[in-house]
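> The primary structure of each chain is shown beneath.
Number of protein chains: 2
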Amino acid sequence: MNLVIAGTIGLDDIKTPFGEVKGVLGGSGTYAACAASYFTKPGLVSIAGADLPKEARDILNSRQVDLGGVKFTDKTFHWSGSYEFDMNEAKTLLTELNALLEFDAEVPELYRQAEFLFLANIDPVHQAKVLSQMKSKPFVVIDTMNYWIESKKSDLLAVMKKADLAVINEGEARQLFGTPNLIKAGRLMLEQGLQYAVIKKGEHGALLFSYDGFFSAPGYPLEEVKDPTGAGDSFAGGLIGYLAKTKDTSEANIRKAVVYGSAIASCCAEDFSLNYLKQTKLDDINARFEVFKQIRQF
Amino acid sequence: MNLVIAGTIGLDDIKTPFGEVKGVLGGSGTYAACAASYFTKPGLVSIAGADLPKEARDILNSRQVDLGGVKFTDKTFHWSGSYEFDMNEAKTLLTELNALLEFDAEVPELYRQAEFLFLANIDPVHQAKVLSQMKSKPFVVIDTMNYWIESKKSDLLAVMKKADLAVINEGEARQLFGTPNLIKAGRLMLEQGLQYAVIKKGEHGALLFSYDGFFSAPGYPLEEVKDPTGAGDSFAGGLIGYLAKTKDTSEANIRKAVVYGSAIASCCAEDFSLNYLKQTKLDDINARFEVFKQIRQF
Numbered sequence: 006m007n008l009v010i011a012g013t014i015g016l017d018d019i020k021t022p023f024g025e026v027k028g029v030l031g032g033s034g035t036y037a038a039c040a041a042s043y044f045t046k047p048g049l050v051s052i053a054g055a056d057l058p059k060e061a062r063d064i065l066n067s068r069q070v071d072l073g074g075v076k077f078t079d080k081t082f083h084w085s086g087s088y089e090f091d092m093n094e095a096k097t098l099l100t101e102l103n104a105l106l107e108f109d110a111e112v113p114e115l116y117r118q119a120e121f122l123f124l125a126n127i128d129p130v131h132q133a134k135v136l137s138q139m140k141s142k143p144f145v146v147i148d149t150m151n152y153w154i155e156s157k158k159s160d161l162l163a164v165m166k167k168a169d170l171a172v173i174n175e176g177e178a179r180q181l182f183g184t185p186n187l188i189k190a191g192r193l194m195l196e197q198g199l200q201y202a203v204i205k206k207g208e209h210g211a212l213l214f215s216y217d218g219f220f221s222a223p224g225y226p227l228e229e230v231k232d233p234t235g236a237g238d239s240f241a242g243g244l245i246g247y248l249a250k251t252k253d254t255s256e257a258n259i260r261k262a263v264v265y266g267s268a269i270a271s272c273c274a275e276d277f278s279l280n281y282l283k284q285t286k287l288d289d290i291n292a293r294f295e296v297f298k299q300i301r302q303f
Numbered sequence: 006m007n008l009v010i011a012g013t014i015g016l017d018d019i020k021t022p023f024g025e026v027k028g029v030l031g032g033s034g035t036y037a038a039c040a041a042s043y044f045t046k047p048g049l050v051s052i053a054g055a056d057l058p059k060e061a062r063d064i065l066n067s068r069q070v071d072l073g074g075v076k077f078t079d080k081t082f083h084w085s086g087s088y089e090f091d092m093n094e095a096k097t098l099l100t101e102l103n104a105l106l107e108f109d110a111e112v113p114e115l116y117r118q119a120e121f122l123f124l125a126n127i128d129p130v131h132q133a134k135v136l137s138q139m140k141s142k143p144f145v146v147i148d149t150m151n152y153w154i155e156s157k158k159s160d161l162l163a164v165m166k167k168a169d170l171a172v173i174n175e176g177e178a179r180q181l182f183g184t185p186n187l188i189k190a191g192r193l194m195l196e197q198g199l200q201y202a203v204i205k206k207g208e209h210g211a212l213l214f215s216y217d218g219f220f221s222a223p224g225y226p227l228e229e230v231k232d233p234t235g236a237g238d239s240f241a242g243g244l245i246g247y248l249a250k251t252k253d254t255s256e257a258n259i260r261k262a263v264v265y266g267s268a269i270a271s272c273c274a275e276d277f278s279l280n281y282l283k284q285t286k287l288d289d290i291n292a293r294f295e296v297f298k299q300i301r302q303f
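The listed protein sequences derive, respectively, from chains Y and U.
Going by this note's numbering, the first sequence opens with residue 6, and the numbers climb by one from there.
Going by this note's numbering, the second sequence opens with residue 6, and the numbers climb by one from there.
Honestly, I wouldn't trust all of these hints.
Any copy will do: because identical chains look the same in the list, a pair fits if it lies in one copy or spans two.
Unchecked claim - Capping the alpha-carbon separation at 35 Å, the derived lysine-lysine pairs in DSBU-like fashion look like this: (1) K261 x K189; (2) K27 x K189; (3) K231 x K142; (4) K286 x K189; (5) K27 x K142; (6) K59 x K166; (7) K283 x K189; (8) K286 x K298; (9) K298 x K231; (10) K252 x K166; (11) K96 x K252.
Because the hints were derived from the structure by calculation, they are not lab data.
Predicted, not measured: the structure shown is a model, and the values here were computed from it.
Just need the whole structure built from these sequences, with the hints factored in.
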């Protein structure tokens, strides 16, 4: 076990201008672990309910995601959201925490020596608890969302300081650091004590900041985005999955990891829920990696 | 004379969160011609008033912009605008057309053999008139703005069909082609009969579409944007200036031209009006071109 991912498992209802699905597998931990599974066999720390359908478990099992760190209780976390015409931001219609209320963020003994840890979007108090149980000194990637920035900013900043790389989206970066300028926000992120900061910009790609470098990854040219849910989680999961496989956290390799993360996120956004997993092989992701090279050449 | 630029000359009042200026040189033709002047000596087709201050003429003369195509009448076109905190879009406070009401879009005999023509943001009827007077078959770049999309869409699409490369910004592309997806909008732009389509995305860079290629140029990492006025005009002016210098309209060279345009636009946005011209040499632009290479490498 060289990669541990802590995040949510959820059942989602999603409506976009391109269709509607109900009770499909979702959650930050799920999306991230499935993306990382293209490069390694991650262990997932999470909680779900007995109501999690067999098909949902089958998806995780088929990707060889280790579920030894997943507790099962009564009812799975449930999120319902919709996207408008511009597909930029999800409007949350309903959140039922259910199992998440009982989450104790316990990391199995077997996971505690992992070299890579991804603290996906969950309560920063749980992120800190997971991190504190690691016996190795893992390379830590952390993600979050506007909800935690608004409700638990100091907890979030405290755990972010202990991470090596933080991933947040454009709007969250502006919100967290009080500036409309993303370059300034990226520098302020680094000053939290991080080695790397990544700002996700959806269709516009991603920015990577380090103390002596800056990288701008393009967005993958998608003519059709059916459902952006989980694309950000998939980006970060793909990124850390690639790092866990290559065991190289140099800036040059992080740049590659950002592009692999972008490639997987673009596949994810082309279909609802985790449907992309069915038709997406590692070869397809490598092909997108090559497209990323071509579209930025001059 | 191998490059002709048709556009406005204006006197602007601009207010941004970083300061305020009044009666400064502006206009789409001015910004574009000054940007192009890093690569060639453009001729400007425009109209201004006798009230244009000596300092304004000095700026154009110092950049060796040929003013043989500029008529002088009573009062210069006057625009007043402000930018909010996010600096994304100008709010127009006042527009006094003045001299523009008398603009006859006449191209001097000496200009009519130019190989490159930039129809900067002016009334599409004037753009068409300028184009019809050319005796060469120039490579034509065209720009516009939301105002013309709303008020003269059919005139605009008619002249766009006769151009080789169209440059519009993100919001205008979405508006003109009725889709939130920029990749789709770019393809629809090409279908107007263009050889190349460019979508400007401000801080997020620019996209270049051709029938068998796609290029994504990053935004230059600016920590401070003081005044975005004219950055789009400077981008297009720099782009066509580079083409006019190199006389190469292959996709590979258009990619370079897009990056040079981005480099000049980024210099422009760092100060008010055309103040960047004072401290920006061709070496500085070449240095930014190199930065664009580094920030895209993986």
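> All hints are to be evaluated individually against the structure, with a verdict given for each.
So, going through the hints one by one against the coordinates:
Both within a single protomer and between protomers do K261 and K189 lie at most 35 Å apart by alpha-carbon distance, with minima of 23 Å and 27 Å respectively. For the identical chains of this complex, K27 and K189 are inter-copy neighbours only, at 28 Å across copies versus 40 Å inside a copy, given an alpha-carbon limit of 35 Å. Proximity of K231 and K142 under a CA criterion of 35 Å is satisfied in neither setting, with 39 Å inside one chain copy and 43 Å between copies. Within a single copy, K286 and K189 get their C-alpha atoms only as close as 37 Å, which misses the 35 Å cut-off; across copies the closest is 26 Å, which meets it.
In this assembly of identical chains, K27 and K142 lie within 35 Å of each other by CA distance neither inside one copy nor across copies; the values are 40 Å within and 58 Å between. Taking the closest pair of Cα atoms, K59 and K166 never come within 35 Å of each other, the shortest separation being 39 Å inside a single copy and 56 Å across copies. When the C-alpha separation of K283 and K189 is checked against a cutoff of 35 Å, the pair qualifies only between copies, where the shortest distance is 26 Å, while the shortest distance within a copy is 40 Å. When the C-alpha separation of K286 and K298 is checked against a cutoff of 35 Å, the pair qualifies both within a copy, at 19 Å, and between copies, at 31 Å.
Taking identical chains as interchangeable, the C-alpha atoms of K298 and K231 lie at most 35 Å apart whether they share a chain (25 Å) or sit on different chains (33 Å). Taking the shortest alpha-carbon separations for K252 and K166, only the intra-copy value of 22 Å comes in at or below 35 Å, while the best inter-copy value is 52 Å. Neither within a single protomer nor between protomers do K96 and K252 lie at most 35 Å apart by alpha-carbon distance, with minima of 37 Å and 50 Å respectively.
Hint violations for this structure: numbers 3, 5, 6, 11, all remaining hints satisfied.
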